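Engineer: Sequence:
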Amino acid sequence: MIHELKPLIDRTFRTKPEPEHTALIGASAAGISAYTIGLRNPGIFGKIAALSPYFVHVDPLTLEEKRQYRPYPIAPGQQVWIDIGGAEGFFMPRHVRQVAVEWLEAGIGQGERFHFYHEPEAAHSETDWGGRAHLPLIRFFGKKGEPVRAALYGPDTVGIEGAAECLNAVVELSNGLAFSDLRGTYEVDRPDVLEVKPDGTIVPKAPGAATIRYRNGKAEAWRECRVVERLDPYVHADIEIEVPESTPPDSRIYATFEVPKIRDALYGGRVRLPRGFNLRFMITRGYGRDEADAGFRPAPLRRLSAFSDCKVRFKVDNWMDLMPGAERGKGEAGW
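When we follow our numbering, the leftmost residue of the sequence shown carries the number 41, and every step to the right adds one.
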């Protein structure tokens, strides 16, 4: 990329080859690649955008987390955009947010040097990445804007004992940019019940309810939050997936994580998930073998939201690769 592709582009097109005019952008695994390659080569890439970077692997069975990146500082003159969707399942907002918080703690300023964005309902999909790909371009190459509106997202209930929780203050600017504010100004009507740090971290103090107000210039937002003594950081979801008769008997079914077979045409089981787990997904039999609707069109994304113990049931109408007349193999492998 650095020694062959970029020089070829610069020779072929009328580019501005300097780092301040050169951006590197990627999503998911390519997002962590853009993060790593870009921050290690500030003399080549002055602007870096990592959409839904795969910073942390979460084992869906044990929920054990394994970091998959090395932390790098942002070099003087570089600008960085990192973001994440709120419905990406095990690609969790807190993993990406933590990278941004570490930059703040190192004295790297929000706005001048980087922006972080947590889009609440976005899935881990090309469609959702494409829907916000313009944001880093506005940040890197657009005009500056002023706050025009804000929205405040986060948990309705937190526990004095339980997992740490954060608010997501999304600010929209007049130039079309949106970002999550990690240097926010918050007011709480019941500071004896809870406090909110500038980065949005909620500090519960005593059982009760409080109203939180966020301000950024003329943009304001409010949210109610209740504090209880204890909130288990994990919940259980009982999942059942009914599949069509056309499903090969040796198929393995995935809802991002594998769902065990109960009997022919039915898969299911109980999974342990972090409280607040939110996932928009497609049921598959492995890579390239996605579910289809009754007309053999791509099925819309499903949703699994686990804010408490729950039971969910899904029905698959068809499989994209098993349309009538399609050639079928004798058996299936997994991923």
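Treat each hint with caution, since some may be false.
Claimed, not checked - Ranges between beta-carbon positions, derived for each pair:
1. Leu-177 to Gln-138: 24 to 32 Å
2. Asp-229 to Glu-142: 16 to 24 Å
3. Ile-49 to Ala-173: 13 to 21 Å
4. Gly-182 to Pro-47: 43 to 51 Å
5. Ile-42 to Glu-269: 48 to 56 Å
6. Thr-251 to Asp-290: 53 to 61 Å
7. Leu-177 to Arg-51: 40 to 48 Å
8. Glu-264 to Lys-46: 48 to 56 Å
9. Pro-231 to Pro-47: 55 to 63 Å
10. His-43 to Asp-304: 35 to 43 Å
11. Ala-334 to Arg-54: 49 to 57 Å
What the hints assert, rightly or not - Calculated lysine-lysine pairs in the DSS-like style (CA-CA distance at most 25 Å, straight line):
12. Lys-258 to Lys-56
13. Lys-183 to Lys-301
14. Lys-237 to Lys-56
15. Lys-301 to Lys-237
16. Lys-56 to Lys-46
17. Lys-301 to Lys-184
18. Lys-237 to Lys-258
19. Lys-258 to Lys-301
It should be emphasised that the hints constitute simulated quantities derived from the structure, not laboratory data.
Keep in mind that this is a model prediction, so the values were computed, not measured.
Positions of the beta carbon are idealized from the N, C-alpha and C atoms, including for glycine.
Engineer: Broken hints, numbered, in rising order?
Structural biologist: 2, 4, 7, 10, 12, 13, 14, 15, 17 and 19
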